[in-house]
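S.K.: Residue numbers (my numbering), protein chains in the order written: chain F, 252 to 585; chain S, 252 to 585; chain E, 14 to 340; chain D, 14 to 340.
A couple of the hints might just be wrong.
Claimed, not checked - Stretches of chain S that chain D covers, calculated by requiring three or more beta carbons in the stretch to come under 8 angstroms of a beta carbon on chain D:
| no. | segment |
| --- | --- |
| 1 | 361 to 371 |
| 2 | 379 to 392 |
To be verified - If the Cβ cut is set under 8 angstroms, some of the chain E residues that face chain D in the computed set are:
| no. | residue |
| --- | --- |
| 3 | P102 |
| 4 | N105 |
| 5 | K113 |
| 6 | Y116 |
| 7 | R117 |
| 8 | G120 |
| 9 | C151 |
| 10 | G155 |
| 11 | N277 |
| 12 | G281 |
| 13 | A284 |
| 14 | E285 |
| 15 | S287 |
| 16 | E292 |
| 17 | L295 |
| 18 | R304 |
Hint data in this document are derived by calculation from the structure and do not stem from the laboratory.
Each residue gets a CB set at the ideal place from its N, CA and C atoms; glycine is no exception.
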Amino acid sequence: MVENKHQALGLTDKQVLDMYYYMALARKVDERMWLLNRAGKIPFVISCQGQEGAQVGAAFAFDKTKDWLCPYYRDMGVVATFGMTARDLMLSAFAKAEDPNSGGRQMPGHFGGKKYRILSGSSPVTTQVPHAVGMALAGKMEGKDSVVYVSFGDGSSNQGDFHEGANFAGVHKLPVIFFCENNKYAISVPLSKQVACGSIADRAIGYGFPGISVDGNDPLEVYRVVKEAIERARKGAGPTLIEAVTYRLVPHSSDDDDRSYRSREEVEQARKKDSLVLFSAYLKEVGILDEDSEKSLFEQIQEEVDEATEYAEHAPYPTPESTQTKVYEEKESL
Amino acid sequence: MVENKHQALGLTDKQVLDMYYYMALARKVDERMWLLNRAGKIPFVISCQGQEGAQVGAAFAFDKTKDWLCPYYRDMGVVATFGMTARDLMLSAFAKAEDPNSGGRQMPGHFGGKKYRILSGSSPVTTQVPHAVGMALAGKMEGKDSVVYVSFGDGSSNQGDFHEGANFAGVHKLPVIFFCENNKYAISVPLSKQVACGSIADRAIGYGFPGISVDGNDPLEVYRVVKEAIERARKGAGPTLIEAVTYRLVPHSSDDDDRSYRSREEVEQARKKDSLVLFSAYLKEVGILDEDSEKSLFEQIQEEVDEATEYAEHAPYPTPESTQTKVYEEKESL
Amino acid sequence: MPVISYIEAVTTALKEEMQRDKRVFVLGEDVGVRGGVFRATAGLYEEFGEQRVMDTPLAESAIVGVAIGAAAYGMRPIAEIQFADFIMPAVNQILSEAAKMRYRSNGDWNCPIVIRAPYGGGVHGALYHSQSVEALFCSTPGLKVVAPSTPYDVLGLLKSAIRDEDPVLFFEHKRCYRLIKGEVPNKEYTIPIGKADVKRVGDDITVISYGITLHFALQAAEKLAQDGYSAHVLDLRTLYPLDKEAIVEAARKTGKVLIIHEDNKTGGLGAEVSAIIAEECLFELDAPIKRLGGPDVPAMPYSPPMEKFFMLNPDKVYAAMKELAEF
Amino acid sequence: MPVISYIEAVTTALKEEMQRDKRVFVLGEDVGVRGGVFRATAGLYEEFGEQRVMDTPLAESAIVGVAIGAAAYGMRPIAEIQFADFIMPAVNQILSEAAKMRYRSNGDWNCPIVIRAPYGGGVHGALYHSQSVEALFCSTPGLKVVAPSTPYDVLGLLKSAIRDEDPVLFFEHKRCYRLIKGEVPNKEYTIPIGKADVKRVGDDITVISYGITLHFALQAAEKLAQDGYSAHVLDLRTLYPLDKEAIVEAARKTGKVLIIHEDNKTGGLGAEVSAIIAEECLFELDAPIKRLGGPDVPAMPYSPPMEKFFMLNPDKVYAAMKELAEF
Ligand SMILES: Cc1ncc(C[n+]2csc(CCOP(=O)(O)OP(=O)(O)O)c2C)c(N)n1
Ligand SMILES: Cc1ncc(C[n+]2csc(CCOP(=O)(O)OP(=O)(O)O)c2C)c(N)n1
Ligand SMILES: [Mg+2]
Ligand SMILES: [Mg+2]
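For reference, chain F alone in the conformation it holds in the complex (with noise of 0.2 angstroms):
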């Protein structure tokens, strides 16, 4: 019998077994939005398959009701963790009106929302690094303990606002966790030509703030690490750099070609170590899951998956003229 770590963490069974539950729910709405691209459905996926663990173990150290999130786009295990349902989801994928994240003008991945405290992101990697360090400091003047989450990939972290924002937070002593989502690729260029350093975390001392790398496969260590990070952040601390080590499963995206860059036995090996196959066996060791509960938490999903996909397919678009909306503050409508 293995020894209890997530009682030793402080969370109970029921939480583990939600973490559990938003890993799958990601990785099963990430699922579907692969089968309706391949179905000529949706135009385009970009993953979060692989990472589930370290996004949702991460997200699960904050306090929803005061946090903010400036996440990537690989990040549904993290949005969803803050609320974001398997409805909004496939209201993105679909690029329907009622998207929350955009309104259908973004591709999927493009979170925001406000209800969620997620600002909205772009797809020009990174640039998300100083917003994040921006709403940290807006915190602080205003005297507030909320902490910020900003994530990014591995080769990310090689773009100047890396750079800029993470020094400007450690200067400034700021509430942000700068979480690296290092999965060993920047489309197809490997780690080995992205960067030099041992471990992005290598980089925090520039920066004079900890830096920590962890298992990314791992929801609860990555939780630990996150947690303690966030009590440093919020009693004024500074910053912390972690970087979750993991693997991206999947192409880099619906329009990518894996095979031309990395191994079959490679993809093979690290699905071996999928947070989703570890943590479930983690679960059922503890004793707090079993096949038929696993089963029909499953079944619970795929019936979430399929009442969001049914819905979104058949949402209304947004108006051809609605594009000229929204440039900039629209009086009337105040």
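Given chain F, work out where chains S, E and D with the ligands should sit, using these hints.
M.R.: Chains S, E and D with the ligands alone, transformed into the frame defined by chain F:
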């Protein structure tokens, strides 16, 4: 009798006296420029004062016949060591047609000149960093063993281009010496508001190469660490980031008034550590310089500066019409 | 009405808005103890403290990016770019982020930031302290671009910019800072963004300009009057979105149009202004639409004869106005 | 003459220039083993190896900045920006450095780099994979900007760009990549940068365009012919510096001008083209100078009805041409 440091470093008495000459030359040209500026004869000065030891110590470690320089605006000591004369420098200060840096098109301090192996620089800080990396890449492609020097200030190490350039050089193990002249201020902003790391050199680990901090007021110490870094670079072991800790003894530029942001006491303290003072003392202690020889050295420099000023002041300006030339390749002029 | 300088108008607007609204704060390089390299923020650090008058690290993309994040949270950041020439590292944050925040989020988020930048030449600033960069930002919907020419307009427009719910680039001509003085009312006022202003009424030719060249045109107009020609002078004030109605009306008034800016001619603001006129009232023109701008070279050189060659001045402007009047 | 696609012309030009000159190399994101996300560099990695077909870290400012340094050294770098939308982080290196290297060094140094970037929409790319960014680079002397519309022009102009001694931005319309095919001669040729090309001769109206909308205009011209109007169609090909003579000649030919681009109308390339015509041959015009471009919104949305609303197409172009013809 102090130990003879320079012999241990393989430097002859002649060489260290030359070092002192270039340090003093840079200082005297710079001082003259301030006089000319206050007399209303030149519109602008930006100084090397306080950083000559770091600059000349570093420049001496390079091979003038095959290495390249991407200096920043304070590097008068560096470019002088690579052959730029007092006359060249004064021609630029007076913005005359003969100015080898830019034909009078750029402000003083914007060094450049193929014949001196110096790439033309601009004003936006840190843009020269990726250029140096590109020159090093090209040299490597050609199988050459040349090394590239690039310098920048402490504040400028916060620009995205520093990060992107250093990372690129680290990944491709390119022969670049990143030389940060940390003079504790970015105009009025003190180091504590620029960075939170202990030393700018701490940033190197994030790029997978060595970072070294050195006393910038000790030209021999600077020479030693730069020399070692160059040797590593020549044999393909990649870049090094070197922070030379120094101080700016005068205002940021002729347009600045530093009394608003730092105390006179602080400046006076720094003057005691002025590399010219310390190096002069060292040369005397090891018995290769005395009052007389120093006096005649300064008289010689004085003459050079007088001649250069005289020449530059009376040299012709570029013609107004020449404003329209050198925009694109001028076919006829080929 | 008190007479103040152009830069005093900037400082006054910042100060009064910071007093009015606690969410307003300034960030940039040397804006704190130093009060800005041009002293535009002089006295603010002393009055509002280092948190609201924040010296940032030397990193423009972060200055703008952090402002965007703070604005999303609910603040009213005013970012100073020390020289307009150094706005380039922040172009991605301005064009990809600030300009598109409202649109991409379908109106859920917005970006009420002001980016102040001193631009323009004639100050021995050489290639990188003299540029007119405004044209770069006048083709991206979502942004507003303001470039006032008088203390009155600076004060009224900067206040409007700070209160605006969308991102505003506020370009201050650095040679106007101390050269241009003017009256401002004692009582509080604002000037709407997007409205041009007739600075001189005339019947023979229409001159459309902004910034320092607007003043050259006004001086030249006096001289031209002695030749018996009266010039109608329109100050664009807001460069994006342009005040089409005012432009067309001014063009119609005389049928002879000269557009003037310090920026180099090709691809400058004058192109769009000319195109609007050519599209809206071509048949009411009595002369080709003329543009007078800097020479098409990469930037203004340092050497005095070259800087002089590049810069417009009242004489060059007068010559162009006279030629058009006599056309 | 063999028929090849627009993107095949890109690949062929790169390949032949790399064979011709050892100093030519390609750098960018995913250009190596992946052969580029659009496959523009397909096969080059295999033929020339990873040093000359270099996958760089994900950092556009470094990609361009490193290219500038390598070019200064004597190489002939070709930098690929994966999508034109992502050129923004490199704007400082392009405008402050590449464009000014020759000028600021008084001709001592120069910057022979090519920056290739796929631009344009209609590919479900949404706000950040659909932009037309060319206008940003058409007001800075020192740069050259090329945007071809046919495989023949791509091949001849990309070779000229690679051989040019100054920095060239080479914009490839991503929807043309596989849609547009055309004949290219077997024998080696180049096309001079700076020369526009008459793609269709006509007498009633003049259409000036480039990129995908040039093809829309050619299709619309056929339809318009059935209405009894013949359209003269000029392909700018080089957007900066513009071919003034060709523009004025084309405008004179019919006296009725319509300028078309996918980029939003205000501040787009059409403004400068219109201004040149209004300045050079106003009295030879029989109609206002018309511009047809995208709506003035921050960028092209993802949702199909919105993308369709934003994008021009042969029908919209036909309607505008017909209206002008009947004017
Ligand atoms: C500034 C910019 N350049 C290029 C791209 C195209 N692009 C999209 S994702 C990507 C790779 C990102 O890799 P990484 O940061 O490791 O994140 P991952 O996709 O692996 O999670 C690239 C090059 C972009 N979106 N933005
Ligand atoms: C991109 C950019 N932003 C701002 C400036 C204005 N500026 C010139 S020097 C300077 C301070 C540089 O400080 P540091 O890097 O420490 O070098 P130092 O002058 O102290 O040697 C600033 C802000 C500039 N030249 N370029
Ligand atoms: Mg990755
Ligand atoms: Mg400094």
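S.K.: May I ask you to test the interface hint for G155/E with respect to chain D, counting a Cβ-Cβ separation under 8 angstroms as satisfied?
M.R.: Hint on G155/E: holds, closest Cβ of chain D at ~4 angstroms, below 8 angstroms.
S.K.: Against chain D, with CB atoms and a cut of 8 angstroms, does the hint on G281/E hold up?
M.R.: holds (6 angstroms)
S.K.: The hint names A284/E as touching chain D; please verify it with the least Cβ-Cβ distance against 8 angstroms.
M.R.: This interface hint holds because 4 angstroms falls under the 8 angstroms limit.
S.K.: Hint check: is the beta carbon of E285/E less than 8 angstroms from a beta carbon of chain D?
M.R.: holds (4 angstroms)
S.K.: Tell me if the interface restraint on Y116/E is satisfied: Cβ within less than 8 angstroms of some Cβ in chain D.
M.R.: Result: holds, 4 angstroms to nearest chain D Cβ.
S.K.: How does the segment 361 to 371 of chain S fare against chain D when you require at least three residues with a CB closer than 8 angstroms, holds or violated?
M.R.: Our answer is that it holds, as 6 residues pass the Cβ test (under 8 angstroms) against chain D, meeting three.
S.K.: Given N277/E as an interface hint, is its Cβ closer than 8 angstroms to any Cβ of chain D?
M.R.: Interface hint status for N277/E: holds (6 angstroms vs cutoff 8 angstroms).
S.K.: Any CB of chain D closer than 8 angstroms to the CB of N105/E?
M.R.: At about 4 angstroms, which falls below the 8 angstroms cut-off, the nearest Cβ of chain D leaves the hint on N105/E intact, so it holds.
S.K.: Tell me if K113/E is really an interface residue toward chain D, meaning its C-beta lies closer than 8 angstroms to one of theirs.
M.R.: Holds. Min distance 4 angstroms.
S.K.: Given a cut of 8 angstroms on the nearest C-beta pair, is the interface hint for P102/E held or broken against chain D?
M.R.: holds (5 angstroms)
S.K.: Just to be careful: measuring from the Cβ of L295/E to every Cβ in chain D, is the smallest value less than 8 angstroms?
M.R.: holds (4 angstroms)
S.K.: According to a criterion of three or more residues whose C-beta lies within less than 8 angstroms of a C-beta of chain D, is the segment 379 to 392 of chain S covered?
M.R.: holds (count 12)
Of the hints listed earlier, the one the structure fails to meet is number 8.
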